[in-house]
Structure formats: structure tokens, C-alpha cells
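S.K.: Sequence:
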Amino acid sequence: MIEKYPAVYILTNSYKSVFYTGVTTNLLQRIYQHKMHLADGFSKKYGLKLLVYFEMHEDIEAAIAREKRLKRWRRDWKIKLIEKQNPQWNDLYPLIQG
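Okay, so the sequence shown: first residue is 1 according to UniProt numbering, each after it adds one.
Treat the hints with caution; some may be incorrect.
[Stated by the list, open to error] As a list, the in silico DSSO-like pairs of lysine-lysine whose alpha-carbon atoms are at most 30 Å apart:
hint, residue 1, residue 2
1, K78, K49
2, K4, K44
3, K71, K45
4, K78, K45
5, K68, K44
6, K45, K16
7, K84, K68
8, K71, K35
9, K80, K35
10, K44, K16
I should point out that these hints are in silico values taken from the structure, not numbers from a laboratory.
With the hints as extra help, turn the sequences into a complete structure.
M.R.: Right, here's the structure in full:
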């Protein structure tokens, strides 16, 4: 039931050179859209398909607030956050597919 909760997520490309921080109420569907290039914009332009970080929230307001905070973070802070949960930088999409 991961798709039923608000989530904040970070995507990157295969070079780990660009990050995208987003928020959604359906993580599985949203990451699928990014992977299939169905979401126009920044992630499509830079080929961001790898889900390297996510966190679930009880309500969308909390998720939006967290996303806004993370977007202001420096790159090295985001790297530490990602590596704490995902030290190998694996694509976490298979994990959320169940």
C-alpha cells in the first residue's frame, strides 16, 4: 500500500550528477512516469530515472514541507541523506513495486 501515502523522493541519473526532489501522493505511479519519460520537465530533460531516496509521510502537508526543506539543502547534505539509507545508490524502484 505504499502508493496510498504521501512521499518525498530523490531521483538521479546514471552519473549521479543531477538530483530531482519531488513529492507525490502515489510514489509507485509517479516513479513509473519518470522512468517512462511521461513526466515532462526537469527529470525528463536530464534523464533522471533512478529512485535513490524516498520517505513516506502521514499527510501531504508534511510531505510538501519536507520537500521544500530538501530542495534548499546543499548537494553534499543530500548525498549524506541518500547514503545513510542507500549507501550503494541502488535504484529503489523494485523495492516499492513489491
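S.K.: All hints, please: hold or fail.
M.R.: Hint check:
no.	hint	verdict
1	K78 <-> K49	holds, 17 Å
2	K4 <-> K44	holds, 24 Å
3	K71 <-> K45	holds, 18 Å
4	K78 <-> K45	holds, 21 Å
5	K68 <-> K44	holds, 21 Å
6	K45 <-> K16	holds, 15 Å
7	K84 <-> K68	holds, 20 Å
8	K71 <-> K35	holds, 21 Å
9	K80 <-> K35	holds, 24 Å
10	K44 <-> K16	holds, 15 Å
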